Amino acid sequence: MAEVAIVASAFGAQAIWRDGHAAWSRPARRAGAQAFEVRRELMHDADAQPDALRALGTALAGEGLWRVWSTPDALYGEDGALDEAALSCAVAAGRALGARFVKLQLGGFAGDASAVRLASLLEELGARTGRTDERDKASKGPRVVVENGQLEQGGKLDQFIDLFNALRDGGAAGVIGMTFDIGNWQWPGEPPLLAAAALAPYVEYIHCKAVVGEGARRFAVAPGDDDTLCRAALALLPTHVPRGIEFPFDPARVEDDAAHYVEWLAAA
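Residue numbers (the UniProt record's numbering): 1 to 268.
The hints are simulated quantities; they were obtained by calculation from the structure and are not laboratory data.
Bear in mind that the values here come from a model prediction, so they are computed numbers and not experimental data.
Just to be clear, a hint being listed does not mean it is correct.
To be verified - Below 16 Å or equal to it, Euclidean Cα-Cα: the simulated EDC-like pairs (lysine to aspartate or glutamate) are:
id	residue 1	residue 2
1	Lys156	Glu78
2	Lys140	Glu124
3	Lys140	Asp158
4	Lys156	Glu190
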């Protein structure tokens, strides 16, 4: 059975803005989740300060939940250069939260992975630069993972293949991992199953959602009983890595929905 994280937005963006992340920690735990993904874009600036993040991390840990820190910031800028400020800020926030993973977007990576500098900066920041199968290594620093996004920039399969090849060729293989979002590939028109087969060796965390709609008007939804894409993608990806619920629960039955989908995703 895989560990399951609930992404805060699954409870509804307005609910998180209104109540704060900590208010939804107990429902997440009652649903059977092992982890909670905190979203920077659903926080007021004051709530993202170090003391506030430490308090939030303590509250989540008190419910038995390990943490993911998610930021919309990108590892590489639009010019293709490593964004050291964004990485430093993300890792510092993750350390304050006591996060296992710090998740960024890939951004404008265009072939130069800055492998040596990336590895040395991660060491300086106290992030983990090696993959581990042990459960919670937050005490030794968070693990940085990059996610495929919904935009062309940072959402194309070739970018991720080139990134991990460049890190390998630069002597920095394994210094970061990947969050594989099954649904996000559909926004830039990439085939999720082809991506899963190509990137499985680098995947350390999975976001699960189905998608409805066309073009820019696509929306995340819960996978239906007849959804074959999520199951097929999960079958191609590592079975031992955590899986995150990143689709909205039915607001009329939030806690029942949460429990149902945690059980479903753990066994899928």
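Against the structure, the hints:
1. Taken as a hint, the Lys156 and Glu78 pair is honoured in the structure, with Cα atoms around 14 Å apart against an allowance of 16 Å.
2. For a cut-off of 16 Å, the pair hint linking Lys140 to Glu124 stands: about 13 Å separates their Cα positions.
3. Simply put, Lys140 and Asp158 have alpha-carbon atoms about 32 Å apart, too far for the 16 Å limit, and the pair is violated.
4. With a CA separation close to 7 Å, the supplied pair Lys156 and Glu190 stays within the 16 Å bound.
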